[in-house]
Every structure is written in structure tokens, then in C-alpha cells.
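Participant: Next come the chains, spelled out residue by residue.
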Amino acid sequence: MIYVPGLFIALIALWLALSGHGEAFMVGLAVVSVILSILLTMCLGLMGREASPYHRLVPMARYAVWLMGEIVKSNVAVLRTIIEPSARLRPRLAALDADGRSELATALFANSITLTPGTVTIEAARDGLLVHSLHDGADEQDEFAPMAARSLMAADGRG
Amino acid sequence: MAEAIGWIGAVLVIAAVGLSIAGAVGVLRFPDVYTRIHAASITDTGAASLMTLGLLLMAGFSPAAIKLCIVWVFIMLTSPAAAHALAGAAFGSGHRPVLADPRQPSEDEA
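For the record, the sequence lines run as chains A and B. According to our numbering, the stretch in the first sequence is residues 1 to 159, in order. According to our numbering, the stretch in the second sequence is residues 1 to 110, in order.
Hints may contain errors.
[Unchecked claim] Under 10 Å between C-beta atoms, here's a sample of chain A residues computed to sit facing chain B:
1) A64
2) I71
3) T81
4) I82
5) S86
6) L93
7) L115
8) V120
9) L134
[As the list claims (entries may be wrong)] Label pairs and their calculated CB-CB ranges:
10) A149(A) x V71(B): 39 to 47 Å
11) V71(B) x S37(A): 38 to 46 Å
12) V72(A) x A10(B): 15 to 23 Å
[Claimed, not checked] Footprint (simulated), chain B over chain A, 3 or more residues, beta carbon under 8 Å:
13) 16-28
14) 73-80
Don't read these hints as lab results, they were simulated from the structure. Every residue, glycine too, gets a C-beta built ideally from N, C-alpha and C.
Can you make the complete structure from the sequences, with help from the hints?
Facilitator: Here it is as C-alpha cells:
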């Protein structure tokens, strides 16, 4: 039950932001629809830390900012490969470790790799990821190590 | 001042169009499905972000701005899922990527 207020605040804020209406009648409708959504969430057994993840808000925001920087850098790199006539591709597959991570941390890591241009996760499993990249670096584990460590920190709160 | 910010927004939107075209060129130039996904991801991330940022500057402080932010968050959450599904489907149906080093083991690793 302690997760209900957090989810309630988030849903009401979303409703108000999307509708832009502040009249009493409309806000009343918002409250009714949000209560119905929360009841539905509870009936489906989805209520829990993941429905109201305030405890991860700050690390996730910090990670998102770092990831934006990485995305800008790799956008530039892939863009150069496309427009330079002499650029050569060196595609490579890499098998990465994902041992000891929670499902959330693995999903965050795999999605971050895919979101960054130039690398895409082909397969994601409990124990590892198969990653295709446009350019081969010196060492495959080292290349992804910063992202692995930071995504683990953001999702699981340890490094 | 507001007009100048609107013009900056317009320039960002045009830059986003340029990035989209570059992504399309990459899709045509690159050799196989996996490298083409990398080219398309420029459109997914760079062009989509610049486009949203430009529209944000053009919209100013309004309800539309909040919606644009939410749209951007959803693009960032869903586009890797789509790219991963595409790559996984290609790999699962037996397409093997063109690799720089052909001796590299290419399957049964993950």
C-alpha cells in the first residue's frame, strides 16, 4: 500500500500535464480515472517498487544525462562513417558478460547499447549479451565497461 | 527574443531533417541488415532528439512543450526495443552479419 501515493501523484501530474484543464469538474474526473487505474494495477498484481520507482529516480536521471552524451558522440561517429566516401566498416560481434545483474540492470544495459548508434544488442539473456558493432575497438569487454558499470549502478544501486 | 528562439528552433528542425537524410543514405550504403540498423539509429536518436528540441523552442512555454517532452521520452524508450526486435529476428532466422574478421566466432556465444 505504501506505493499507492507515489503512483497517484505521478498519474495525476501526467493527467494534468496532458489535459491542461484545471476546472474542478475535470480534476474530479481525473481523480476518478486515476483511482480506477490504481485499482486495476492492484488487481493485476503489478503494484510494487517498479510501479512507483522513486528510489531510483536520481541515479536514473544521472545515468540518462551521461547516456545522452554517449549518444551524441556515437551519432557523430556513425554520421562520419556514412558521409565519408573513404570510411571503411569493420563490423564485429561481441559476447558480453551480464552475470550477477538484475533483470532491470540487464534490460537497461541492453537497451542503452541499442540506443547508442553503432552498436545493437542482437540477443539478451540472463548470462550475457550478443552485440553487433559497426567498428571494432581494441578490446570488446573494455569498450563497454563504462556503460556496464554505470547502468548497473543506476539500476541496482551498486557498482 | 521569442522570435529569435523560434528561429533557432527552426534551424534545429532543419538539422534534424539533414540527419534523417544521412540516416537514409546510410541505410542504402551499408552492406547488411545489422549495419543498416546502425544507420537507421541515427534517425531514431539524433534526428528525433534535434527535431523535438527544435519544436520545443518553437512551441515555447506551453502544454505542447510538456507533450513534446513525453513524446521524446517514449521515442527513447521504444526505439531500442524495435531495433533489438529487428536484429534478433534477423539473427534468429539465420542471417549472419558480414564481419571484418571472418575467423571470429559468430554464433552460439550468447
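Participant: It remains to establish, for every hint, whether it holds in the given structure.
Facilitator: So, going through the hints one by one against the coordinates:
1. A64: holds (9 Å)
2. I71: For I71(A), the interface hint holds, since the closest Cβ of chain B sits about 5 Å away, which is under 10 Å.
3. T81: holds (8 Å)
4. I82: holds (4 Å)
5. S86: For S86(A), the interface hint is violated, since the closest Cβ of chain B sits about 13 Å away, which is over 10 Å.
6. L93: Cβ of L93(A) sits 6 Å from chain B, so the hint holds.
7. L115: The hint holds - L115(A) has a Cβ within 10 Å of chain B, the shortest such distance being about 4 Å.
8. V120: Hint holds; V120(A) Cβ to chain B Cβ min 5 Å, cut 10 Å.
9. L134: holds (5 Å)
10. A149(A) x V71(B): 39 to 47 Å: violated (31 Å)
11. V71(B) x S37(A): 38 to 46 Å: violated (21 Å)
12. V72(A) x A10(B): 15 to 23 Å: Roughly 21 Å apart at Cβ, these two residues keep to the hinted range, so it holds.
13. 16-28: Per the Cβ count (3), the hint holds.
14. 73-80: n = 3 at 8 Å, threshold three: holds.
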